[in-house]
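S.K.: Put chain F on the given structure of chain U with help from the hints.
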Amino acid sequence: DVKVTQSSRYLVKRTGEKVFLECVQDMDHENMFWYRQDPGLGLRLIYFSYDVKMKEKGDIPEGYSVSREKKERFSLILESASTNQTSMYLCASSIQPRGLAETYEQYFGPGTRLTVT
Amino acid sequence: QKEVEQNSGPLSVPEGAIASLNCTYSDRVSQSFFWYRQYSGKSPELIMSIYSNGDKEDGRFTAQLNKASQYVSLLIRDSQPSDSATYLCAVPDRGSTLGRLYFGRGTQLTVWP
Chain U
1 DVKVTQSSRY LVKRTGEKVF LECVQDMDHE NMFWYRQDPG LGLRLIYFSY
51 DVKMKEKGDI PEGYSVSREK KERFSLILES ASTNQTSMYL CASSIQPRGL
101 AETYEQYFGP GTRLTVT
Chain F
118 QKEVEQNSGP LSVPEGAIAS LNCTYSDRVS QSFFWYRQYS GKSPELIMSI
168 YSNGDKEDGR FTAQLNKASQ YVSLLIRDSQ PSDSATYLCA VPDRGSTLGR
218 LYFGRGTQLT VWP
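Top to bottom, those sequences are chains U and F. No gaps in the numbering here: position 24 of the first sequence is 24 in the numbering used here, and each next residue is one more. Start counting at 1 in the second sequence, then tack on 117, and there's your number in the numbering used here.
These are calculated hints, taken from the structure and not from any lab test. Any given hint could turn out to be false.
Derived DEER-like restraints, expressed as beta-carbon distance ranges [claimed, not checked]:
id, chain 1, residue 1, chain 2, residue 2, range
1, U, Lys53, F, Ala185, 37 to 47 Å
2, F, Lys173, U, Tyr10, 17 to 27 Å
3, U, Lys13, F, Ser186, 44 to 54 Å
4, F, Ser143, U, Thr103, 13 to 23 Å
5, U, Asp38, F, Ser143, 20 to 30 Å
6, U, Met54, F, Gly133, 26 to 36 Å
7, U, Thr117, F, Ile135, 22 to 32 Å
8, F, Ser186, U, Thr115, 41 to 51 Å
9, F, Tyr156, U, Lys13, 22 to 32 Å
10, F, Ser186, U, Ser8, 38 to 48 Å
11, F, Ser186, U, Asp59, 21 to 31 Å
12, F, Glu120, U, Lys57, 18 to 28 Å
Cβ atoms here follow ideal geometry from the backbone N, Cα and C, with glycine treated the same way.
Okay, chain U solo, but in the shape it has when bound (with noise of 0.2 Å):
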């Protein structure tokens, strides 16, 4: 079985803190995923990985980073955290598509809830 960890179920900050969620998977995969959910905006994809030290932005990037210095291990970092940082993050990896269909599917870990005050 995929097992992804994170590294806190809930985390309370202070405003203007720098703020390091991690993310560990087991599987070997390649791709590893940052996402953000809120009620009624659904699930927002803020960075993803496709290697080591490789990143691409997903759709809402600003304020935060990632870093991805080995293969299973992939971090969001909130450089000065604001309270409309407050939400689930979401850590999810899957393999590399290699062209079939089933090689997208993506493994969640638990969730971090944060709570910027």
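M.R.: Relative to the frame of chain U, chain F by itself:
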């Protein structure tokens, strides 16, 4: 940007009924489709994938795909209260080799006893 639309819900059905969840997508070349279930406070869990026209059955769940109409649905037969969750439809970005999925906003299903 790919569009993935789901019936807005919430959908409420009695126990034992058939729940029907619908999803339409804008990209004509999409080849695969995924249904995720998300319980309140939990992360999405993949429950069904479908890659070709027609029906795919897995226990009480049936996914139906009509590529000509750009429409995919999920039927849940003999609905149970434990099926109460939000169901997300997802479509790959086939214009990219990077494995991105586009998600609908989800349909909230409540099955009442």
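S.K.: All hints are to be evaluated individually against the structure, with a verdict given for each.
M.R.: Right, here's what the structure says about each hint:
Take lysine 53 (chain U) and alanine 185 (chain F): their Cβ atoms lie about 42 Å apart, and the range 37 to 47 Å holds. Between lysine 173 (chain F) and tyrosine 10 (chain U), the C-beta spacing of about 37 Å breaks the proposed range 17 to 27 Å. For the pair lysine 13 (chain U) and serine 186 (chain F), the beta carbons lie near 46 Å from each other, so the given range of 44 to 54 Å is met. Range check, serine 143 (chain F) to threonine 103 (chain U): about 22 Å between beta-carbon atoms, so the 13 to 23 Å window is met.
Taken as a hint, the range 20 to 30 Å holds for the pair aspartate 38 (chain U) and serine 143 (chain F), whose Cβ atoms sit roughly 23 Å apart. Taking 26 to 36 Å as the suggested C-beta distance range, the pair methionine 54 (chain U) and glycine 133 (chain F) does not conform, at roughly 49 Å. For threonine 117 (chain U) and isoleucine 135 (chain F), the hinted distance range of 22 to 32 Å is not satisfied, since their beta carbons lie about 45 Å from each other. Range check, serine 186 (chain F) to threonine 115 (chain U): about 43 Å between beta-carbon atoms, so the 41 to 51 Å window is met.
In this structure the hint that tyrosine 156 (chain F) and lysine 13 (chain U) lie 22 to 32 Å apart at CB holds, the actual value being about 26 Å. For the hinted restraint 38 to 48 Å between serine 186 (chain F) and serine 8 (chain U), the CB-CB distance of approximately 43 Å keeps it satisfied. The beta-carbon spacing between serine 186 (chain F) and aspartate 59 (chain U), approximately 27 Å, falls within the hinted interval of 21 to 31 Å. A C-beta distance of roughly 20 Å is found between glutamate 120 (chain F) and lysine 57 (chain U), which places it inside the suggested range of 18 to 28 Å.
Comparing the model with each earlier hint shows violations of hints 2, 6, 7; every other hint is respected.
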